[in-house]
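*Asks:* Since the structure of chain Y is already known, use the hints to place chains R, P and S on it.
Residue numbers (UniProt numbering), protein chains in the order written: chain Y, 1 to 265; chain R, 1 to 265; chain P, 1 to 265; chain S, 1 to 265.
Since the hints were derived computationally from the structure, they do not count as laboratory data.
Be a bit skeptical, because a hint or two may be false.
Stated by the list, open to error - What follows is a set of in silico ranges between Cβ atoms, one per label pair, in the way DEER data are often shown: (1) Y112(R) to V46(S): 38 to 46 angstroms; (2) E156(P) to I213(Y): 42 to 50 angstroms; (3) F116(S) to I213(Y): 50 to 58 angstroms; (4) I213(S) to L126(R): 45 to 53 angstroms; (5) M96(P) to Q148(S): 33 to 41 angstroms.
Stated by the list, open to error - List time: in silico BS3-like cross-link candidates among lysine-lysine, alpha-carbon distance up to 30 angstroms: (6) K154(Y) to K155(R); (7) K84(S) to K155(S); (8) K155(R) to K84(R); (9) K155(Y) to K155(P); (10) K154(P) to K155(Y); (11) K155(Y) to K155(R); (12) K187(S) to K187(R); (13) K187(P) to K187(S); (14) K155(R) to K154(S).
To be verified - A few chain P positions that, by computed beta-carbon distances, are all more than 12 angstroms from chain Y: (15) K6; (16) L24; (17) V25; (18) N50; (19) Q52; (20) L56; (21) N82; (22) G91; (23) F97; (24) D119; (25) S174; (26) I191; (27) M195; (28) K218; (29) G228; (30) F232.
C-beta atoms are modelled at their ideal positions from N, C-alpha and C, and glycine is treated no differently.
4 protein chains.
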Amino acid sequence: MLHLRKLVYRTLEISAGKRRGMSLVFNLLLITIITLNAIAIVLHTVEEYNEQFARLFIDFELFSVIFFTIEYLLRLWVCVENDKYSHWFWGRLRYMFSTSAIIDFLAIFPFYFSLFATDLAIVRILRLFRIFRLFRISRYSHAFRLIQNVVAEKKEELILSTMLVVFMLIIVSSVMYYVEHPAQPDKFSSIPATMWWGVTAMTTVGYGDIHPITPLGKMLGGITAIVGIGLFALPTGILVSGFNEHIRDRKKPSRNVCPHCGREI
Amino acid sequence: MLHLRKLVYRTLEISAGKRRGMSLVFNLLLITIITLNAIAIVLHTVEEYNEQFARLFIDFELFSVIFFTIEYLLRLWVCVENDKYSHWFWGRLRYMFSTSAIIDFLAIFPFYFSLFATDLAIVRILRLFRIFRLFRISRYSHAFRLIQNVVAEKKEELILSTMLVVFMLIIVSSVMYYVEHPAQPDKFSSIPATMWWGVTAMTTVGYGDIHPITPLGKMLGGITAIVGIGLFALPTGILVSGFNEHIRDRKKPSRNVCPHCGREI
Amino acid sequence: MLHLRKLVYRTLEISAGKRRGMSLVFNLLLITIITLNAIAIVLHTVEEYNEQFARLFIDFELFSVIFFTIEYLLRLWVCVENDKYSHWFWGRLRYMFSTSAIIDFLAIFPFYFSLFATDLAIVRILRLFRIFRLFRISRYSHAFRLIQNVVAEKKEELILSTMLVVFMLIIVSSVMYYVEHPAQPDKFSSIPATMWWGVTAMTTVGYGDIHPITPLGKMLGGITAIVGIGLFALPTGILVSGFNEHIRDRKKPSRNVCPHCGREI
Amino acid sequence: MLHLRKLVYRTLEISAGKRRGMSLVFNLLLITIITLNAIAIVLHTVEEYNEQFARLFIDFELFSVIFFTIEYLLRLWVCVENDKYSHWFWGRLRYMFSTSAIIDFLAIFPFYFSLFATDLAIVRILRLFRIFRLFRISRYSHAFRLIQNVVAEKKEELILSTMLVVFMLIIVSSVMYYVEHPAQPDKFSSIPATMWWGVTAMTTVGYGDIHPITPLGKMLGGITAIVGIGLFALPTGILVSGFNEHIRDRKKPSRNVCPHCGREI
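Excised from the complex, chain Y in its bound form:
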């Protein structure tokens, strides 16, 4: 039994040891099922596909939930093999509250909850939760881990620049509201409504559904767009430098230092 648990653990986790082949096959199968789930979630919202392949969508959904449930229970059973969760009860409880286990749980929970929910609105919202299955793939994705690391490292600077953007957005939208409200009371109806203009102007999206028409408003709108470009240069610069640092680090695992000045060679 304990031997079997070890075997299952090695299969579920990506291991580099003896049972590497089985682990690789299982994890490729898992990625395939998750990807198919993402495609199914996207395509089942297209009316014609939904009608044509209704049976297929339901069957695949059922199969996915059963597969993910068995996998979740197996992971819970074998997690004690990991030194971090070695206690038979407290270890398993702590594992259940780890980020990856929560994501795994959120991928299956909505299905079981919707069986008992009678309110259609709740069922609709629960469907949205199925997108969490896509997050499961992030465990395998270098990209996702990279972005996590960069964001974690540059957290302080990013919060700082986000605060600047929000600060700027409030100021610009408040001024614009007082300038444009008399001319377009239906569009610039309140400061929160004007903030929608503010965010599309500062990010230079500019859908065109709301824009100033008075000369003063246009002047302010022009300055906002120019300032917005400068303001977004900040997080862009932070992220670019963060990503570059990481990419450089990954490429040069070992480093030498000049004996004279201590700089890297």
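*Replies:* Below, chains R, P and S alone, put in the same frame as chain Y:
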């Protein structure tokens, strides 16, 4: 009395000494009130909230003004504790014209002025001035001080690149006016009106309310957008390098220099 | 005969040796014909030019195909002069499947195929293939080779960041679909339809044909635009550094190294 | 007479010597008149200002032309003081074809030409030429000289990346034309018409007057916007590095070099 003045001074300013606890509590309270003011300013423009919580908005406005007025008077009283403003009269006068004191004054002045103003248009404009309360938070914000430093340091380059943008905007809008005016006399009605197109094209916002329709105008519009991207690369590059320098500086407080080449290690 | 083959080979390829003059003349002629082909492909879609110069377009097309066919056959004949394709049969076969030979083939093949095709839809699609002629110029273009090298070198990072963008696009569009579908069932009709909004929001194009109207949707739309700017900072940063490295390399062909720290001087 | 010529020369040019005061006054006057001209050119296109101040605009135009004409003739007279144009006839002729003298000439020539022109269309176009007066200010502007230097230095890379953009624009627009033409024959009427879409999509302006509606067209449009961001990263990166190099150079006029490795200290 002098002892009390010292105590109040230490509470108002963010101090690192003995009375640190009281100073922290007061400043957190101040930040909370300022943030609530920002939320109130934004939300009171939403019709339904304004009707529902009319009483609350007025009461909170009154409370804020009284709080800020007392705080302003206290600051004026204790500012002489600061060596920069030590003279009992001239010191206080000079303090009144410091940037932070002016912002504090602009946060309360509109309320008192509006009590005597009978013209509704002026009262409306004065309401706009309440946003200055939000600027008060900038005293605590690293972000705001950072942007101030970067802008101050790179002032010359930013003026230079702003001049370039304005120069380019006038040239492009003038040429576009002569090209598009005959085809769209109502939209490209004058060079100032065309400059609204120019600024949305160069910043790539592109609301879609005004755009060239003649082949020559479209060609010019395409070139403008391409040149605009290049032109805005300048202030973006300046600000990115400015922010990066500051962030780097803040992280490495002390520096050593290589004895061979004098470069930083 | 063998002497002639050598002569033709040296004329077709850009050689630096004796017959440089003839080779230069031929290659300039080839670039001119390709450029004229590009102009013809673009202009023949303009109704009035197509009617006015119908004869000219057909004649030039015929001339181009004959010229490219003769050139293709000549290249096939002389390719054995190249050491890589020296075998009289297998060398020529391998040459036919080289990238440049395939591009040459695709530039003439549609014409011959359309002579036998009776289905008009296929003939239309084949016309599109004529744009491949433009790719032929890439052989002479430093720009094209530069972009190929940069993309090849930074392949891993670019795939990684493209995955991130796609991942983000699916998540954002799925959430937006559930938020906006009830309010605008005709525009946000399905997740794939919402992805068109997602891509225009994240790239800040913002045509304005589809955008959120509910408060929650607008908030999500604003966050998407802000995140999109950060997300696109990644490939931009990768490409900028890639291009800069190449441009720098091309300018400094030889390098010296400091004997003390081994850094480039 | 010769003494007077020297005096006039020193006044017209920005000199650092004895007559510095007079030169400064004259050049400030010149900048003021040029700036007023720019404002007049912009404002006279606003219908209501043009009617109200018609007399003023005409008088100022007359004054400006007389002032610039006298200045042009004086410059022509005194240019022989400059060693470069010392010959009394050939020197003056060569001066007339220098960039700055041509700009000066283009600033006054349209007025004299329009006196004899009877065709109104030509007079309209000549009015456009008055914007050249604004270019005269570039002589004083560091910004203008900076951009000239950067563009001159990075010429090769900029041509290369512009070629890439044009190349990409033709390919993308050709494919989009064949994809969208059947669905929107009036908007995507020809490849040149589709190139207007292409340029607004690649620069992310997105006016919304023209955009794909078919699923395949939308997919292609999304890819175009993503590729466009990458493509414009190239000239942006080139210009940013070019400007940064210049700004850095201007700040460090003198440099020392480490005796060990020859790097700048």
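*Asks:* Now, for every hint given, state plainly whether the structure supports it.
*Replies:* Hints versus structure:
no.: 1; hint: Y112(R) to V46(S): 38 to 46 angstroms; result: holds, 40 angstroms
no.: 2; hint: E156(P) to I213(Y): 42 to 50 angstroms; result: holds, 49 angstroms
no.: 3; hint: F116(S) to I213(Y): 50 to 58 angstroms; result: violated, 43 angstroms
no.: 4; hint: I213(S) to L126(R): 45 to 53 angstroms; result: holds, 49 angstroms
no.: 5; hint: M96(P) to Q148(S): 33 to 41 angstroms; result: violated, 50 angstroms
no.: 6; hint: K154(Y) to K155(R); result: holds, 26 angstroms
no.: 7; hint: K84(S) to K155(S); result: holds, 27 angstroms
no.: 8; hint: K155(R) to K84(R); result: holds, 27 angstroms
no.: 9; hint: K155(Y) to K155(P); result: holds, 28 angstroms
no.: 10; hint: K154(P) to K155(Y); result: holds, 26 angstroms
no.: 11; hint: K155(Y) to K155(R); result: holds, 28 angstroms
no.: 12; hint: K187(S) to K187(R); result: holds, 21 angstroms
no.: 13; hint: K187(P) to K187(S); result: holds, 21 angstroms
no.: 14; hint: K155(R) to K154(S); result: holds, 25 angstroms
no.: 15; hint: K6; result: holds, 45 angstroms
no.: 16; hint: L24; result: holds, 41 angstroms
no.: 17; hint: V25; result: holds, 46 angstroms
no.: 18; hint: N50; result: holds, 34 angstroms
no.: 19; hint: Q52; result: holds, 37 angstroms
no.: 20; hint: L56; result: holds, 41 angstroms
no.: 21; hint: N82; result: holds, 35 angstroms
no.: 22; hint: G91; result: holds, 38 angstroms
no.: 23; hint: F97; result: holds, 31 angstroms
no.: 24; hint: D119; result: holds, 27 angstroms
no.: 25; hint: S174; result: violated, 5 angstroms
no.: 26; hint: I191; result: violated, 4 angstroms
no.: 27; hint: M195; result: violated, 8 angstroms
no.: 28; hint: K218; result: violated, 5 angstroms
no.: 29; hint: G228; result: violated, 8 angstroms
no.: 30; hint: F232; result: violated, 8 angstroms
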